[in-house]
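Visitor: The chain contents come next:
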Amino acid sequence: MDDKSLIARRVALELKDGMLANLGIGLPTMVAGYLPAGVTVSFQSENGIIGMCPVPADGLVNADLTDAGGSPIGALPGASAFDSAFSFGLIRGGHLDVTVLGGLEVDEAGHLANWMVPGKMVPGMGGAMDLVTGARRVIVAMTHTAKGAAKIVPCCTLPLTALRRVDLVVTELAVIEPTAEGLVLREVAPGVSIAQVIAATSARLIVPEHVPEMVL
Amino acid sequence: MSKAVSVTRAVEMVPDGASLLIGGFMGVGSPHRVIAELVRQGRKDLTVIANDSARPGFGIGQLIDARLVRKLVTSHIGTNPETQRQMIAGETEVDLVPQGTLAERIRAGGFGLGGVLTPTGVGTVVAEGKRTIEVDGKVFLLEEPLKADFALLFCRRADYLGNLDYFLTARNFNPLMATAGGTVIAEPNEIVPTGVIPPDEVVTPHVLVDHFIEKGASHGR
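Same order as they appear, the protein sequences are chains Z and F. All the letters of the first sequence, read from the start, carry residue numbers 1 to 216 under the numbering used here. All the letters of the second sequence, read from the start, carry residue numbers 1 to 221 under the numbering used here.
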């Protein structure tokens, strides 16, 4: 399994039956493909829909039905469509159970930076600041390092997305839970040692006596 | 008098230097005919308020390509490298606003509110220079209302009076912007007789709509 599929598969286990979830563009979108059997989740897209699904078959694309990345989607029976103020009211108002987002950096305080690299890359925050501020649970799905450089760092050097402490970080090496005490190593990926995780992390990790392997 | 106007006439109403609210999300639900005509007529020094700048050659990206935008107020330019290039080079002023905040600022502008209090952006660069207000022990940012000279919308249908409805994710910012533009111009996908859109399904009441773009018969094309 490649790194991104592994991350998506592990994150999918965090989604529980009946939840309303919002998946970011890119890797987080892959999570929907790995929902465990029997788990039904409603997916919101912040451009204004609950009940999105993949386009069911070739030839069924509608130009006015897309995800937040502009890619064509389908809509399930029971779907609803709404404007952007309503969509973000759901997000800020505590109605969204979980969001899964990509990350550039996460630090020991559990702060996420994921929307710009000053002077180099300025995608803008889009809905990320509202999602991280308002979702009941925030899961960061990202590769553990970028070109060898640690992304889990003592203190974010990039502009923060929010002051809120994220709830879980899932990478191809580990599952890490930011807590009031710091970053706790909860799981390691199959075949990965604790030492490997520590070596790829510049932040201090709290390592419990027992760190299980991810069950995928 | 009919509110139907040609796309040429609609864009002639927009002067250089105008501020424009433009609907759409990655070009979905944007008034593409109006945007193309803005480019054709070369309206310049525009202030554009929109969720994003789509991508080069598409939607609002066409205004960026043609260098018609002086200032862009938006939440996301990640899909448009040309907007990012112009921003970093200092050629176009880009004011980045969280998406939910952008929606609420437009709603505040259109609904006569002095602003909104949002938790989004507290403690980040978005909060710089803004007032924070504590309510029941929670800290909020005061975000001020946004309005513009024109709102340029896309809708599913306009009836003869200018009542509008929308379709799926092409709705996005359009109904909000309909309240916050000095002159509101809608580009409908379809024009229908008054009454075809039942009262409960009218999203934007006709009183908000000044003009909509006319359509000719397209049978047999």
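Bear in mind the hints are in silico, worked out from the structure with no lab data behind them. Careful: at least some of the hints might be erroneous.
Stated by the list, open to error - For lysine to any residue, the following SDA-like pairs were computed, each having C-alpha atoms within a straight-line distance of at most 25 Å: (1) F:Lys138 / Z:Phe86; (2) Z:Lys120 / F:Arg85; (3) F:Lys147 / F:Asp136; (4) F:Lys138 / Z:Arg165; (5) Z:Lys120 / F:Arg33; (6) Z:Lys120 / F:Lys138; (7) F:Lys71 / Z:Arg165; (8) F:Lys130 / Z:Gly93.
Unchecked claim - So these bits of chain F aren't anywhere near chain Z, every CB distance computed over 12 Å: (9) Gly27; (10) Arg33; (11) Arg40; (12) Thr101; (13) Ile191.
Said to hold, decoys possible - Chain Z is faced by these chain F residues, among others (derived, beta-carbon under 10 Å): (14) Asp52; (15) Pro56; (16) Thr79; (17) Arg107; (18) Gly121; (19) Val126; (20) Gly129; (21) Arg131; (22) Ile133; (23) Phe154; (24) Arg156; (25) Arg157; (26) Tyr160; (27) Leu161; (28) Ala170; (29) Asn172.
A virtual CB, placed ideally from N, CA and C, is assigned to each residue, including glycine.
Visitor: Could you work out which of the previously given hints the structure breaks and list their numbers from low to high?
Guide: 3, 5, 6, 7, 9, 12, 15, 20, 21, 22, 25, 26 and 27
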